[in-house]
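J.: If you want our numbering, it's the position in the sequence shown, counting the first as 1, plus 130.
Keep in mind that the hints were calculated from the coordinates and are not lab data.
Hints are not guaranteed to be accurate.
Below, in silico cross-link-like pairs of lysine to any residue (SDA-like), each with a Cα-Cα straight-line distance of 20 Å or less [claimed, not checked]:
#	residue 1	residue 2
1	K488	K396
2	K349	F326
3	K239	Q228
4	K275	M407
5	K396	V427
6	K310	A272
7	K488	E446
8	K547	V517
9	K396	A414
10	K391	A552
11	K239	P201
12	K547	S516
13	K308	P441
14	K246	A272
15	K310	E333
16	K349	H336
17	K287	V255
18	K547	L534
19	K349	L317
20	K275	G262
21	K132	K275
22	K349	C217
23	K275	F295
24	K502	P441
25	K132	A272
26	K291	V255
27	K227	A272
Bear in mind the structure is a predicted one, so any value in this text is a computation, not a measurement.
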Amino acid sequence: MKIEMLSTGDEVLQGDIADTNAAWCGQELNELGLSFSRRQTVADNMNDIVDALQQAAERSDWVLVNGGLGPTSDDLSAEAAARLTACELELNQDWLKQLEAWYVAQNTKMPESNIKQAMLPKGAVLVDNPIGTACGFIVEHAGAKLIFTPGVPSEFKRMLKEQWFPQLIAAAPNAQAKVKRFYTFGLSESSLSDRFNDLALPEGVHLGYRSARPSIEVKLFYPREAPQYEQLSQVVRNELADHVFTEDQGNWALYLQQLMKAQGKKLALAESCTGGMLAAELIAVAGSSAYLDRGFVTYSNQAKQQSIGVPAATIEQYGAVSIETSQAMALGALKHSEADIALSVTGIAGPSGGSEEKPVGTVCFTLAEGDKCISQQLLLSNRSRSVVRIMSTAVAMDMLRRYLTGSPVLGEYQHLKRIDSADRIL
131 MKIEMLSTGD
141 EVLQGDIADT
151 NAAWCGQELN
161 ELGLSFSRRQ
171 TVADNMNDIV
181 DALQQAAERS
191 DWVLVNGGLG
201 PTSDDLSAEA
211 AARLTACELE
221 LNQDWLKQLE
231 AWYVAQNTKM
241 PESNIKQAML
251 PKGAVLVDNP
261 IGTACGFIVE
271 HAGAKLIFTP
281 GVPSEFKRML
291 KEQWFPQLIA
301 AAPNAQAKVK
311 RFYTFGLSES
321 SLSDRFNDLA
331 LPEGVHLGYR
341 SARPSIEVKL
351 FYPREAPQYE
361 QLSQVVRNEL
371 ADHVFTEDQG
381 NWALYLQQLM
391 KAQGKKLALA
401 ESCTGGMLAA
411 ELIAVAGSSA
421 YLDRGFVTYS
431 NQAKQQSIGV
441 PAATIEQYGA
451 VSIETSQAMA
461 LGALKHSEAD
471 IALSVTGIAG
481 PSGGSEEKPV
491 GTVCFTLAEG
501 DKCISQQLLL
511 SNRSRSVVRI
521 MSTAVAMDML
531 RRYLTGSPVL
541 GEYQHLKRID
551 SADRIL
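Put together the whole structure using the sequences plus the hints.
T.: Structure below.
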């Protein structure tokens, strides 16, 4: 089955709006064992849209058209569909009634301009939009089916999930595939691929990779009825070993929350160069208050001393960016909280502040429980300030994940240089 997508809109073509709908749909089709044969974007020009529709219909079974269903003068998709199929636009009474009811529910009078959204090509099949004013519709031309959809992402996604994907599944039942996902940290995409060069995969089974900083997702695609599924999954799992942060869902914070709650432990944070980013990642998941006790953002030396009791002598002797200071930060966070475990991060995010001994990108981490500290100093060289902070947050989360799962807390980070480490009782 050939499926093509046509996105419309000057704002998309000019880059003012990222075409996230196309990216999302491509991923969803992949889950179904299908894919786009082509994707293109066309400006808000009637002739260009009609030409693009004609060409797409001649070479595809399905054409997914996105955008151009609004009430304004540059919303041209319905008229373009009518011109393509050589028919008139007609008022769809069913959708007009839904439009009017929608505005009544909003306690607002419907503008006259919105009647345009009920003008559909004669003979078009209505596709419901339960959460917006732009209905979708399907027309047939040159042996292809063309489905026209709204550009608003929430409306687009719901419409496809509920009304289009089921049609694709029914038309291509043998195309459906399953995907096993492994979200990894510490290895590059190329090195991950190299690990599986000699892996013999059965027909219909293949591996895919996707970089989504800080994770790299390893995907095992297999037919829905593949008998070797569990065996193949275990082979991949064994090869990736403790580089796998999570499986099947890529939300690190959710997984850490599950681990912390299962073990009945509380967490405290002491952050310097990450500036609260670590706390923000963890609390982005609802329910984090069940394990996250508090976080200290101690950016200055004075804050480290006053808020969590880091000795001035430690900073003076070893520097604010040192394993010793990171240990004092973690132990101080434990002392000034109700937590069982503490994580600390202190570093030089740049672009200034580095030295020959401690260049920009030098970051120190400590995980502490009781009087036990596990620490490391890494060099995240040749990275921007934002990337240093993002990667530092990821390393801290990975240390916690490793500690809670019984893996070596100091992992192998291929593109991060470990300068020093310490595992001691203080």
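J.: Taking only the CA atoms, is the gap from K547 to L534 under or equal to 20 Å?
T.: Not OK: K547 and L534 at ~24 Å, beyond 20 Å, violated.
J.: Check whether the Cα positions of K310 and E333 lie no farther apart than 20 Å.
T.: holds (16 Å)
J.: Given the hint that K547 pairs with V517, test it: the Cα-Cα distance must not exceed 20 Å.
T.: holds (15 Å)
J.: Would you check the hint for K239 and P201, treating anything up to 20 Å between C-alpha atoms as holding?
T.: This hinted pair holds, its Cα atoms lying about 15 Å apart.
J.: K349 and L317: Cα distance at most 20 Å?
T.: Holds. K349 to L317 sits at ~15 Å (cutoff 20 Å).
J.: Given the hinted pair K291 and V255, is their alpha-carbon gap at most 20 Å?
T.: Judged against 20 Å, a Cα distance of about 17 Å means the pair holds.
J.: Between the alpha carbons of K547 and S516, is the straight-line distance 20 Å or under?
T.: holds (18 Å)
J.: Would the pair K488 and E446 pass a check requiring their Cα atoms to be no farther apart than 20 Å?
T.: holds (15 Å)
J.: Is K227 close enough to A272, meaning Cα to Cα at most 20 Å?
T.: violated (32 Å)
J.: Within a Cα-Cα threshold of 20 Å, do K246 and A272 meet the stated pairing?
T.: violated (26 Å)
J.: Checking one constraint from the list: CA of K310 to CA of A272, max 20 Å. Satisfied?
T.: Answer violated: K310 to A272 is near 38 Å, above 20 Å.
J.: Straight-line Cα separation of K396 and A414 no greater than 20 Å?
T.: holds (17 Å)
In summary, the numbered hints that this structure violates are 1, 4, 6, 10, 13, 14, 18, 20, 22 and 27.
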